[in-house]
Structure formats: C-alpha cells, structure tokens
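**Student:** The lines below spell out each chain.
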Amino acid sequence: MMFLSNISLTSVVLSQVKFKLSAYSGLIYSLIILQVLGILFATGWSSSGTSINNISINLNISSIDSGFIFVSLLAISVGNLITTRAYRYDDFSFVATRLSSNIANCIVLLIFSCYAGVTTYFTVYLMRIFLTFNSTNEFVEGPTILDDPMNSLLTILAMIIFLWMFSSLGYIAGTLFQNHKLLFFGALVIIIMLLLTGTWIRISEIIFVENSSLLILVAKTFGIAILIFATSTAISNRLGVRV
Amino acid sequence: MSNTWMIFFIGLIPVVIGILIVLYITKKVKYKGSLRLNKIVIMIYFSLLIGVGIVYEIIPKEPIVEQLSEEQLQQLQTENEVFEEKLLKQEENKLSQKFLKEEWTHELSGNTLTLGYIGNDSYSTKVVVEWIDSTAQKIEGKVYRSHINLYGLKIEDKIPLHVAEWTGNELVIHEPVEQEFTFEQFSNELNVFQQTDTMEIRMVRGFTYIHLKVPKHIEIVDPLGLQMY
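Protein chains in written order, with my numbering: chain A, 1 to 243; chain B, 1 to 229.
Chain B on its own, in the form it takes in the complex (with noise of 0.2 Å):
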C-alpha cells in the first residue's frame, strides 16, 4: 500500500471515530421524551448562548495581544528591507532610529577583534564593519534589531534582545534565555468556509544587526561567519 492511501486511511480515522460518535448518541438518545421539557430545554439552551454571547462582549478583557493586519506586515517586512539595504550600503544617517537598541564604545588592547557567538541559532545575528581611518584601538558599536512579528502578533516587547559582551577583545554575542509564551485566539470563522488562502506564514522575521567601525589596521577573526558583507 503506497504512503498516500497509508495517510488517507489513517487521515480517515478521527472521521468514523466522529461518525461512530454521532451515530451512537443519536441512537442512544431517546427523542421523544416529554414535550414541555423539551421546549424549555430548547429555549433555555437557546437563552444561555445568547446571553453567554452578550456577557462575554461586555465583560473586560485585558491583556489582550494586538494583532497586525497583512498590509502592516508587508510595511514591517519592507522597513526591513531598506534597513538592511542601508546598513549595508553604510548610509548611517539614513538608518531608521527606531531599530537602534544600544551602542557603546570599545578599547582593544591589541590588534586582532574576534567575533563569537553563544546560542543556537548563529544567522539571528550579522554583523556590519565600516573600517575607519583611524590609528586608535576604539571600537565603536551600535546595536539594531529590525521588525520580528510572528503570526502578525504584536509582541516584539516580549522578544529580549541579544546580548553584546566584550571579554578581552573578544565581542561575545549572547543569545536570549530560552523562553516560551503561548497565546490563546478565538475564531468565529469556519475555515471550511475560507475562500481565499490563509494559509501564507504571517511572519517577519527581524534580525539583531551589530554595526561596528572598526580602524582599518584592526584584524578581524570571525569563526562563525558572522559578518554580512
């Protein structure tokens, strides 16, 4: 039996198991029970849904997790875009302020800057050199995250930033504590119903960007591959 009707049939199962379901309660529940209970039955059911309905509209709820529109996310993800483009380009004036987190100032006590990276996932972070006319063992450094929304929620606050440490001459970028938030989302659209598709990943996926000017008689040791050229 080939993989596809393999799925199909186990695809299959969780619909007897509701037909199985179905058919026994109607089976089993008796229909023709007293009338007048049966009409208070049905108004009451009736009642307490609409009523649960209204209640839930009135009462407060707070926190409540924005969520972005596909319009906004496309805004998001092209203000990335030129971020980036800028940062490359070197055009610092250009760069948007809001996407600046830190910057700060470095002495190196030698002529060798080593890049290191602590996490798991290397790529959440590039690192852009500008190389200066300059005989000093300053570094300068400037921190910038672009837009991360997943699932178009609002929650770029919740998502800590990297960590930028010098130990030595070493910048050592630390990857945030594992954390895991989970949120709840009702619907009242049936996805049967959905016309169009909704399936496309509502993601922007942001980048913590470390921009340094470094003075050109300063040699760069990157293992992981962390700068973006």
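For reference, chain A alone in the conformation it holds in the complex (with noise of 0.2 Å):
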C-alpha cells in the first residue's frame, strides 16, 4: 500500500504524548489535593517516646512516607484510568497504533512519575517551613539536600521509578480489565494467591527488601515497571477493534 507520506512511530508516539500531556494536565489538582494530604498526615508520622531519670523524650518524626503513600495511589489510579474507553478515544485523533497508544501512555506516566515524585520530595519542606514557624518544640538536626545531595537525588528517583511501577500496575490491570473483565478478576485471584504463598514472599523479599543500596532497588523496579508494561502492551495488542 502505498500512503503520500510515511510517519515514523517516533513522531507518532511525540504527538500523542504531546497530546496526552495537555488533555491530563487537570491531574495536578488531584495530585496537589494529596500532596496536602501528605502534609497533614506527615506530621507525627513516626513517633516514639521514652523515658528515663523522670524526664520523658519524645520524637516526632516527620517524614514524606504519607505523602508518597497517597501518591503511590494516585499513580495506580491514573494507570487504570488512561486505559479506560474514555481515555482510548482520545487516541482516535491520531492516526496511531496500539504499540504507539502504549508506548505514549508508559511515557506520558513516566512523565508524571518525575513530576509528582520531585513535587512530592519537596512537600516536606513545605511542612518543614510551617513546622519551623510554628512549633515550639526543638528540632533535631536532619540531613538536607546540600548536607548529602546524592542521597536526596538517589531518593528522588527512586520515588519516581516506584510511581511509575505503581503507575504501571494500574495499567496493566485496567488493560486485563479492557481486555476481558473475567480475565481480570482470574489475574487478582491469582496473585492474591501468590501473595500467600512463601515462595511468592520469599521472592518478594529478593527483589525488594534484600538488597545492598537503594540504586539496585531502583534498577530492579525500573526492569519490573518495563516488564509490565511490555506485558501490557502485548495483551492490549491482542484487544479486536471496538468502537
């Protein structure tokens, strides 16, 4: 067949990014919404007390595991939302393919993943600055991004790579659920399942507990995150035309 031109899947795939980036833009309410409710629930998100000589000591630790908590949500959310019919239409106004629909969402989330995993680093300082002005209690001394820059950045992608792997979750899940909504529900049977399984915790704890520095973490869940989405990918390719 022959077509007056030829679009590499390249520039379709930036066009439909290009495209998807504007029309979910409205996400940043949703994720501002939580990012405050991070906030609120960070402070005292760890705290212990002891006493000793009569005298107590308690520790307020306030950290961005909430806010990372209710992002992580989000992601999964956002994941299973672009997959539904809704969000597949948008797609119609390209002249595109499943693989270039799939590669231009997995990018479109990583796209927010950076976004919402930067902002959500930078909440606690927001908190930090509140707490400052507001707190009568004394502050322990904690590291900042200037006291150990590569550690902040190693934090800072790490929570990038796991919103996009919980973004990705929801992706394949909305997809299975596309795809055929026994399948789905066969899939979530399965890997509650799984999940009682020693076997399955044992492997669980290979991948994401037993390692020796956060970077092989992130480099495990970064080949999980591509790993499902190329699954993804290869079940939605398999989805007939449906209007």
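None of these hints come from the bench; they were simulated from the model.
Take these hints with a grain of salt, some might be off.
[Stated by the list, open to error] So, partial list: chain A residues that the calculated Cβ filter (under 8 Å) puts toward chain B:
(1) L37
(2) N58
(3) L59
(4) S77
(5) T119
(6) T123
(7) Y125
(8) N134
(9) E141
(10) L146
(11) M159
(12) A230
(13) T233
(14) N237
Values in this document were obtained by computation on a predicted structure and should not be read as measured data.
Beta carbons: idealized from backbone N, C-alpha and C, even for Gly.
Could you fit the two chains together into a complex? Lean on the hints.
**Tutor:** What follows is the structure, given as structure tokens:
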C-alpha cells in the first residue's frame, strides 16, 4: 500500500505524548490535594517516646512516607484511568497503532511520575517551613539536600521509579479489565493466592528487601515496570477493534 | 477469627480509607479544565515547592539538637561499660573524670548509714561502697553519671542529675522532677526504601553512680538494694 507521507513511530508517539500531557494536565489538582493530605498526615508520622530519670523524651519524625503513599495510590489510579474507554478514544485523534498508544502512555506515565516524585519530595519542605515557624518544640538536625545531595537525588529517583511501577500496575489492571473482565478477576485471584505462598514472599524479599543499595532496588523496580508495561502492550495488542 | 487476622483487617482500614480518598478525589476533581490554567498551576506549584526548598536551606535554624551516629553511640556505650567496670574494681584513678558531677564529705553521728531513694526508678542509681580503714565517722562521696543518649539525641545537659541529700545518717537520693521534652525531626528518606534494619533502638542509658568511701566499722542499711557489688 502506498501513502503520500510516511510517518515514523517516533513522531506518532511524540505527538501522542504531547497531546496526552495536555489532555491529562488536570491531574495536577488531584496531585496537589493528595500531597496536601500527605503533609497533614506527615506531621508526627512516626512518633517515639521513652523516659529516663523521670524525664520523658518524645521524638516526632515527619517524613514523606504519607505523601508518597497517597501519590502511589494516585499513580495506580491514573495508570488504570488512562486505559478506560473514554481516554482510549482520545487516541482516535491520531493515525496511530496500539503499540504507539501504549508507548505514549508509558512515557506519559513516566513524565507524570517524574513530576509527582520531585514535587512529593519537596512537599516535606513545606512542612518543614510550617513547623519551623509554628512549633514550640526543639528541632533535631536532619539531612538536607545540601548535606547529602547524592542521597537526596537517589531518593527522588527511587520515588519516580516506584511511582512509575505503581502506575504500570494500574495500567496492566486496566488493560486486563478492558480485555476481559473475567481475565482481570482471574489475574487478581492468582496474584492474591501467590501473595499468600511462602515462595512469593521469598521472591518479593529478594526483589524489594535484600538489596545492598538503593540503586539496585531502583534498577530492579525499573525492570519490573518495563516488564509490566511490555506485558500490558502484548495483552492490549490482542484486543479486537471495538468502537 | 484469630488475632492475626483481626490485626490484619484492622491494619487494612487505613489502607482502605486511603484508597477511598484517592478514588473520590480522582473521580471528583475535574480533569479536563482550562488547559492554560492547568499549565500555569503546574508551573507555579513546581516553582513554589522548589522555592520553599531553597528558602528552608538558607533560613537560620536554631536551636538544633545534634544527633549522634551509631558509631558515636557505640563509643559512648563502651565508655559507660568501661567506667562501671573500673568503678566496681575500685580503680578510682582510672575513672573518667568527665563523669564526675559532685563530691562531698559527711560526718555520721552513729555507726549506721541508711541508703534511701525517692522516685520511681531506683534502678537508675547504683551505689558502690569502698571500705576504708578508718576509725573516723567521715563518709566521702562522689556522684558520677555516665553517658545518657536517647534516639541518638545529644540531650545529656537537659536531663537533670539525681540529688544526693543527707538527712542525719540517711543518704537520700532524689529522682529529678518529672519533665517532658518533645523534639521534631524531619526525614528526607522514605522508610519503605530502607534496605537496612534501622529499627535498632539507639539508646545509651547511663546511670547515676554514688561512690562512697565508708569506714569499715559503719553498718550500711540498704532496704532498696541500691548497692552494687
């Protein structure tokens, strides 16, 4: 078949990415709300207390864990959301294939994860400023970005990759659900059953716990996310044309 | 239903609440608003957070409590153990003088010395008696306190000393008045990413030691068992 112009996969993907970034830009409001919730939950997220010689010592540790958990749930939700029919119909604005669509979604989710990862990391500073001016308690020295820039960057990178992986989980769940509802529930049951087995727990430990450094964990998580996206692409390529 | 499952389901409640909140927000918040406004919000929000980060780095932050590393805590613990060992062996010249808080002498009127403690935790104080050859009634005492460190926080100065007070022939050790300190700490790290076990309790619980030089003819009455042998 002959065409007047040949469009490469890259240019189609790029156009789709640009379009989707604009179309889904409204997600920022959900992100802001969840990050604010994360800040509210973060103050005294971890609290310890002990006493010695009749003196009670309490230590409140405020961390980004709560914000990260909320944003992780959002990542799963968004990953799932963009596989829904309403969002898939946006792809009809382009002469595109399922492959280009999937690659574009994968890139868009990565870009969202980057934005969400960096902003979630910095929300802790909003909390720091607030508590610095409002708390009567004394502060314990803690590492800042300037004290340990490499570790801070690594944490941000880890957050981005983890969010991307969570969005990939939402994405594969959505893809399965779109393919066949029974397939989705079947996969869910298998995963839950696997989670209850000792072997699966051991595998999870090897992947997520037994790492000599954070960088190795990040690399493993990145690999898992790629694998999930590839599986989703393979599954969605088997979808029939439904309008 | 077993307790494990009960705890599991109770633990799931915040997760379910979190999921419901996220689902509610993603459903309710309108995605396809004004594109221009969205872009402005994205830029402003990002700049705001980065700006806050920069501001926090440059503003003066005092007072700040220093936190010791695990190695430093280990060193303090070792110093405490060495001190106690030397004190028990009564090698006074080898005792670290940085632990010495006060010293005094007291003249007993009789041949009995009673040890008392007022407070909740009598185990925080240890009395070491060194018998000396003397016919006098004079008791020499030295109060030491070894390193105290809780959660790695350098707050030794904030923890008051026990007060040793003589009432006649009774040496009463008073526990400090009850106080409470709360400290705030920020962490840039995610606990979910921690690859090493950081649940280790980082505490060095020092003691108050009262070293008494007592003439051999004096009898010690110690109902609470404060003496250390």
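**Student:** All hints, please: hold or fail.
**Tutor:** To see whether the hints hold, each was checked on the structure:
no. : hint : in the structure
1   : L37  : 7 Å, holds
2   : N58  : 4 Å, holds
3   : L59  : 5 Å, holds
4   : S77  : 5 Å, holds
5   : T119 : 5 Å, holds
6   : T123 : 7 Å, holds
7   : Y125 : 4 Å, holds
8   : N134 : 10 Å, violated
9   : E141 : 5 Å, holds
10  : L146 : 6 Å, holds
11  : M159 : 7 Å, holds
12  : A230 : 25 Å, violated
13  : T233 : 24 Å, violated
14  : N237 : 27 Å, violated
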